[in-house]
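**Student:** Here is how the chains run, residue by residue.
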Amino acid sequence: MEEAVVLEKKLQSARSPKSSSELKRRLWKNKLLYIMILPGLLYFVVFKYLPMYGLIISFQNYKPYKGISGSDWVGFEHFKRLFTEPDFLNILTNTLILFGMNLLFFFPIPIVLALMLNEVRSSAFKRTIQTMVYIPHFMSWVIIVSISYVMLTMDGGIINELVSMLGMNKINFLLSPEWFRPTYIMQVIWREAGWGTIIYLAAIASIDPTQYEAARIDGAGRLRQVWHITLPAIRSVIIILLILKIGDVLELGFEHVYLLLNSMNRSVAEIIDTYVYTAGLQQGQFSYSAAVGFFKSFIGLVLVMLANKLAKKMGEDGVY
Amino acid sequence: MKKKSVPLLLSVMMISTLMLAACSSDGGKTTNTGSTGTEGNKPAASEGTKEEASENEAPAEITIMLPLNIAETPPDTIKNELEKLTNTKLTYNFFPADTYEEKLNASFATGSLPQVTYLKNQATFLNLKEAIRDGEFWEIGPYLSEYENLSKLKEQVLNNTKVDGKLYTLYIGRPLARQGVIYRKDWADKLGLPEPKTTEELFEMMKQFTENDPDGDGQKNTVGLADRNDLVYGAFKTLSSYFQTPNNWGEKDGQLLPEFMFDEYVQTMDYVKKIREAGYMNQDFAATSKTDQINLFTSGKAGVYIGSMQDVSTLDKDLTKNVPTAVTDVNSLITGPSGKYGIWALPGYNNVVVFPKSAIKDEAELKKVLAFFDKQMTPEASNLMFWGIEGTHYEVIDGKAKEMDDKDKIEREVKGFKDSVIGEVETNGRYDGYYSLPSRIKAEELIITNEQHAIHDPTAPLDSATYTEKGLQLQDIITDATYKYIYGQIDKAGFDQAIETWKSRGGSQIIEEFNAAYKK
Chain A
1 MEEAVVLEKK LQSARSPKSS SELKRRLWKN KLLYIMILPG LLYFVVFKYL
51 PMYGLIISFQ NYKPYKGISG SDWVGFEHFK RLFTEPDFLN ILTNTLILFG
101 MNLLFFFPIP IVLALMLNEV RSSAFKRTIQ TMVYIPHFMS WVIIVSISYV
151 MLTMDGGIIN ELVSMLGMNK INFLLSPEWF RPTYIMQVIW REAGWGTIIY
201 LAAIASIDPT QYEAARIDGA GRLRQVWHIT LPAIRSVIII LLILKIGDVL
251 ELGFEHVYLL LNSMNRSVAE IIDTYVYTAG LQQGQFSYSA AVGFFKSFIG
301 LVLVMLANKL AKKMGEDGVY
Chain B
1 MKKKSVPLLL SVMMISTLML AACSSDGGKT TNTGSTGTEG NKPAASEGTK
51 EEASENEAPA EITIMLPLNI AETPPDTIKN ELEKLTNTKL TYNFFPADTY
101 EEKLNASFAT GSLPQVTYLK NQATFLNLKE AIRDGEFWEI GPYLSEYENL
151 SKLKEQVLNN TKVDGKLYTL YIGRPLARQG VIYRKDWADK LGLPEPKTTE
201 ELFEMMKQFT ENDPDGDGQK NTVGLADRND LVYGAFKTLS SYFQTPNNWG
251 EKDGQLLPEF MFDEYVQTMD YVKKIREAGY MNQDFAATSK TDQINLFTSG
301 KAGVYIGSMQ DVSTLDKDLT KNVPTAVTDV NSLITGPSGK YGIWALPGYN
351 NVVVFPKSAI KDEAELKKVL AFFDKQMTPE ASNLMFWGIE GTHYEVIDGK
401 AKEMDDKDKI EREVKGFKDS VIGEVETNGR YDGYYSLPSR IKAEELIITN
451 EQHAIHDPTA PLDSATYTEK GLQLQDIITD ATYKYIYGQI DKAGFDQAIE
501 TWKSRGGSQI IEEFNAAYKK
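Protein chains in written order, with our numbering: chain A, 1 to 320; chain B, 1 to 520.
No wet-lab data here; the hints were simulated from the structure.
Among the clues, some could well be false.
With a Cα cut of at most 25 Å, we get these calculated DMTMM-like pairs of lysine to aspartate or glutamate [said to hold, decoys possible]:
hint, chain 1, residue 1, chain 2, residue 2
1, B, Lys484, A, Asp208
2, A, Lys66, B, Glu136
3, A, Lys66, B, Glu101
4, B, Lys220, A, Glu161
5, A, Lys170, B, Glu211
Some chain A residues close to chain B (C-beta under 8 Å, calculated; not the full set) [stated by the list, open to error]:
hint, residue
6, Pro64
7, Lys66
8, Pro86
9, Ser148
10, Tyr149
11, Met154
12, Asp155
13, Leu175
14, Ser176
15, Asn262
16, Arg266
17, Thr278
18, Ala279
19, Gln283
20, Gly284
Since the structure is predicted, the reported quantities are computational estimates derived from the model, not experimental observations.
In this text, a Cβ means the ideal position worked out from N, Cα and C, and glycines have one as well.
Generate coordinates for the entire structure from the input sequences, incorporating the hints supplied.
**Tutor:** Below is the structure:
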């Protein structure tokens, strides 16, 4: 009760003319917290908010030598061009399918891996495994794609040699449209699965061990403990990461897809990012590229909002 | 639970933000093209040169802006010598090549381009054409004949750099036609094969290299041709020249048409298809990168490499590391069914210089600047800029320049100037490079012979608005169809259909626009 009165008073003082000095006082009081927030805030302002200014060029016929202020305005012309592009639907579908597969096949793997690592008893063994699964994350896509090429090529690649030793026909992994998506997903898993476990392992480490003790006394086995304690405890982390992942919906890795893309698999491998590169940037069509990028971010935003809403419906916190 | 999840949420957000931040550097963000680029430029190291001109005429003061392909701004060693040779006072503003376009655009937008402005490459030149049409730069065509050396510049290359038929630029030359066939001479000798002079003999060579165990290890583990996922700089376009296919565009019944509408293009596709189906080349070439292609050749697995003949130096070096007995050879004089030679030609330049009106106020000043370039095109000056100082950076053997062993010093002091030399060996009289590898010497000779058989791109000096907007994107339709034809997934009818798609999506307009420009 007393608290409420104090709060009421505070609110009043906040609305009063003295509020600015009040604000200053509070800023000063929590200065350490604000200083701690500052680098993060600066990061977002400098790298995320300021570049938004550049979106203006998607409504212009931007000429680099004229600058943003000197270029002509063209309204929605670039967006019209994108939506009337004959391949537009195909590219959008490819992007969304790849994203869906990413979510379906890649997303659960770090969770499973983290649960498995958590059950490992010898800490030396656990750490070795952890380091080993992290390593691919630090390799660039160029290296990963080259390694895959060497393994998958029909000219003496080890996998195709095995296939033909088993008496089957060699499989054209690199050039056939059917194999593009599996190859892509396998490479993503190989590179990122280990790295993705970090957050889950941290979350698992924060679970109160007494809960496990209690469960053991009640006679719960390993699997029961995982199911009833570990998973519910990291549920909110999973949901948050899922929403964040959805926000990156269209960040499928330009470099990765572009390296895998070739004339024979273009029908499934052309995604928005690679399209921007060939149709826009290679030809110096900055405005068009910006318009496509804008559209891509817009889809991302819509999906995040949907996912967030869904999470809240399910009784979770969501990201905002 | 509720209380706990807030710090948890925050920590998750923070960690993932950090990860995102860490990842975004390699994330391939390609959409941000705003003007927030970093300009890591160093001021030119040119102040404080106490140069007293002993000539009666005061040295002309010229400021030059150019891209730098190395990390450090070169010292003044070369610049000081150049000033003496040309009676000028030069200010070289080097900017890192990586961010050069941004610097160029920013300087242009603020009207602060210097008297002599180098562009970065052909692409920057294309992007600048509109500004050139707007009259932002001096037209220099009419003045060239007044200068002894500048008037030697190659007509063909100058034509390729014209904008609407007018010349605004001087060019940094590159060989016109350096494509050819590099092959394993030791293998050919072992199998008793002659130097390939026709496409038939070339096919026979690939066949025997695949089937007759040229490396003599008793296993069928070699392949004829190593090719890659590039129809232009890979084997395809060079082979297409042997079939007399036009270079990008050609004339048929008085009309300009793209190369893929010519029968010769289809013949080339059939030829490559035959090679692939017979297994005489790497089966995955449509997905093979240049590194992997080179690897096939240098590891001693493949015997034929078609591309720039100058690559023979590096190919030979890496090959003999793996196979010490290997010998390479080159040839580009190969005929197809018509019996005629043909080599597709590049535009002959890789960069150009423009002269902004904002910095050069009048004709007199322009003439001073052009006079500097005229003097720069003498053998003394261009040797100085290209090779450095004789005895310090290079020595002359048999009338050819051989670089000294201290490559770092050459790179540091000369490289910055080397990339800015106007013209080429034939026009500025500088020394040819000295090579000891026989196949490289032959390659250099062939490159000169090639010029007589060069197939030029008639659209190089022409413009088409539709092509500028989506030419490359449309080209993908044809590229895809070409590969699919070679891989047997579509037939001639399917290929023709791809051409129709190309036409309907803007190709017809491109044909019209190029023809309209061509007739002018």
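**Student:** Now, for every hint given, state plainly whether the structure supports it.
**Tutor:** These are the hints, each one checked on the structure:
| no. | hint | result |
| --- | --- | --- |
| 1 | B:Lys484 - A:Asp208 | 60 Å, violated |
| 2 | A:Lys66 - B:Glu136 | 12 Å, holds |
| 3 | A:Lys66 - B:Glu101 | 13 Å, holds |
| 4 | B:Lys220 - A:Glu161 | 14 Å, holds |
| 5 | A:Lys170 - B:Glu211 | 20 Å, holds |
| 6 | Pro64 | 4 Å, holds |
| 7 | Lys66 | 7 Å, holds |
| 8 | Pro86 | 6 Å, holds |
| 9 | Ser148 | 10 Å, violated |
| 10 | Tyr149 | 6 Å, holds |
| 11 | Met154 | 4 Å, holds |
| 12 | Asp155 | 5 Å, holds |
| 13 | Leu175 | 6 Å, holds |
| 14 | Ser176 | 10 Å, violated |
| 15 | Asn262 | 5 Å, holds |
| 16 | Arg266 | 6 Å, holds |
| 17 | Thr278 | 6 Å, holds |
| 18 | Ala279 | 4 Å, holds |
| 19 | Gln283 | 5 Å, holds |
| 20 | Gly284 | 5 Å, holds |
The structure fails to meet hints 1, 9, 14 from the earlier list, while all remaining hints are met.
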